[in-house]
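S.K.: In case you want the letters, here they are:
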Amino acid sequence: MDPIIILQAGVASGTVLLFATIGELFAERAGVLNLGVEGMMLIGAMSAFSIASATGNPWLGLLVAMLAAGLISQIHALITITLQADQVVSGLSLTFLGTGISLVLGEGLSKAGTISLLPNFSIPLLAQIPLLGPIFFTNQSILVYAGYLLTPLAWYYINHTRPGAHLRAVGEHPAAADSLGVNVQGLRYFYVFVGGVLAGLAGATISLAISPGWFSELTTAGQGWIAVGLVIFAQWDPLRAAFGSYTFGALRRLILDIQGPTTLLGLRNPFYYNPYWGFFLQMLPYAFTIIVLVIGSREAVRKRLGAPAALGTPYIRGERGL
Amino acid sequence: MSESQATAVYNATSSPPRPPVIQMLGIVKRFPGVLANDHADFEVLEGEIHALLGENGAGKSTLMNILAGLYRQDAGMILLRGKPVTFSSPRDAIQAGIGMVHQHFMLVPSQTVTENILLGLDEPRFLLRLSEFDRKVAEVSERFGLKVDPRAKVWQLSVGEQQRVEILKMLYRGAEILIMDEPTAVLAPQEIEGLFTTLRAMAAEGKTIIFISHKLQEVMAIADRVTVLRKGKVTASGVPARGMSRAELARLMVGRDVLFHLEKEAKTPGEVVLSVQDVYAENDKGLPALRGLSLEVRSGEIVGLAGVAGNGQRELSQVITGLRKCLKGQVWLSGELVSNKPVQFGIQRGLAYIPEDRHQVGSAPNLSITDNVIMKSYNKEPIAHGWMIDMTAATRFAEDLKEAYEIMAPTVRTPARLLSGGNLQRVILAREISGKPRLILAVQPTRGLDVGAIEGVQRLLLAQRAAGAAVLLISEELEELISLSDRIYVIYEGQIMGQVTDGNIEKIGLMMTGTPLSQIETGD
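Protein chains in written order, with my numbering: chain A, 868 to 1189; chain B, 4 to 527.
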């Protein structure tokens, strides 16, 4: 139970949540709620592992994972943007579809044996910083470092660039964007795709880097849902999303580790002797997600938290005031 | 419209000959079940203020949405300075110099003024560089006298300021022709005067302005020429506004003579029916909407509540009916506390509610007229027998009301959604008034209705006043408030600024923009 190791592993495991959360955040900022994150992550994890073990090239696996999840996200885009069906129903179906496809195609993959993984390394100078160095910059996967870059880039893109301003406008007031010639439907397709790609990346991060392998639906173990909850928790802000993701990553790790030792702070460790306490702890992130989703689904609360005003509603030109 | 007619017009106004900048010829636009524009011709001259007048639903906005590239016409053509043009999107129209300011503002509330103005433009290419563009926006706003802080977020701005942002958005894009869709609907009287000054200044700079309105006095105040639409057809094309009387314009607009005066008999108000005391409530976002509001309505009087939309009117009506939580203070109905009680409680004590949204709140669109009118009496004799509903009695009840309130529908089994706005409002009024209410709470009861239907609704409210009911009329139509009300309260940011009994529009206007009556009277 070394806190440095827990935090270091927490950052790695939080990177999975980070990619998925930021991906979902992009889609939601454009006004499309995609509850299919879990399914897209499974598609990503499965195809990454499958391609990497077949070709021996984890980079190709990563690329295919992102494309595959991006492609399957376009089903949701078609159903909710063009056909204007309910986003919740379509997103749930996407989770079922993604889970089903990855279980069928991933059949037998768990016996694939060892494969070559994405590289881990330390960043020279930065690793020397006391406390932060060992946690953030020592022996982490290249994808963890990619996560460090993604967060500020996503924040800067959304708040300080022209395409970012268009993204916000499309999610807040699509009719205003449309009246000035912004392609509302096109941008929504694009950001659902971005969300899919990042969910695929999150899945590949699990199977090729953080906890390598394919363990059917236990590979993601509901982290897609935690990501959906984290977007609300982060109030649609990438910086808060990063904070939430790493915190949850560390918590997940702590929950695992706390069940190891026989004594805790000099006392008899209840989590070691009584497995039910352990199960209870493991339940907490999911309980949190359910609570956040229930609270966040209330219109009044969403308004107060600053949700994109058009989140969940299809845009039809000529309706509502035009 | 032919050249010779246009020539005649500028000879008549003795201004130098101006070429037509826009000609719309034989425009036809169909929506499912509606012919919105029926071979409409429309011509605007360079540098004029041209009013497009018509009732709600006459096809004014549709015609202008076609010109602004939002809709595509089914037939007909558009000439811009004599050359045919087709716009497949608003972007095309803006590039051709045609910009539209919509009735419902097309602004992103969470973004700054500059961000809203830059939306959809190619410049800046990638980085926003807001401080640089804040300066450019400030330059344009200075040039046209449209004062607004470029760095402010839109949700922080008043409605008048938001409108200026909308106009700036178009001017920044170099619009030469500006379409204003009902621009005064959301403004207080003083702000309207400010808008008119701006519009005149822009016309003097050579911009062409198309002013969509259904308000006669405004059209006569601002427009050089007027085109009138009725039921999708042009009934008067480019007539000079100065040469027309109000009655003539009204006839062109409605198709028959319109009475401008309602008979209102003198009546002394009775005991207090509704008493709202120091009420506080929050809006949907959890922000304070009512802040210590008090008012009283007596039996036999109509009390108006004036105010710019969004100042707490909606929340007040919901607190009175019990649909919204009252955080502090009380609402009394004939001496009984009704705030924070179930909705049914107020209804049983004679509260009638005519909500603003007649389709979603006032009626159940898929249910029949019968089901809609018995919604308040289904649990009482003779319609209820214990826990059963006597459908014969219900049908008889509905048929009586249909006749008494002149509801135009094939049968009482017709679903409410198939009724026109005026008929649906009659269904709601029939249900509410037939219960012999003590208090009628009417929110925007005539919004979106045609002139004939408005008259009918107003007469019914006056009849209830004569019958001794207390009426609280919440409306944004000042003219309606002044002609119907015995007293008018003015609401601003959830507080009552004061009340007038003489219909003094100047005082009302000052209070609507936040000056309390006490200050007006001391002359500050």
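Hints should not be assumed to be uniformly reliable.
[What the hints assert, rightly or not] Keeping only pairs whose Cα atoms sit at most 25 Å apart, straight-line, the calculated DSS-like set for lysine-lysine is:
(1) A/1170 / B/156
(2) B/344 / B/331
(3) A/1170 / B/331
(4) B/288 / B/379
(5) B/344 / B/383
(6) B/344 / B/328
(7) B/439 / B/267
(8) A/1170 / B/328
(9) B/331 / B/288
(10) B/288 / B/328
(11) A/1170 / B/288
(12) B/218 / B/234
For the record, the hints were derived by calculation from the structure and aren't laboratory data. All values derive from a computational prediction rather than experimental measurement.
S.K.: Going through the numbered hints above, which ones does this structure break? Give me the numbers in ascending order.
M.R.: Those not satisfied come down to hint 4.
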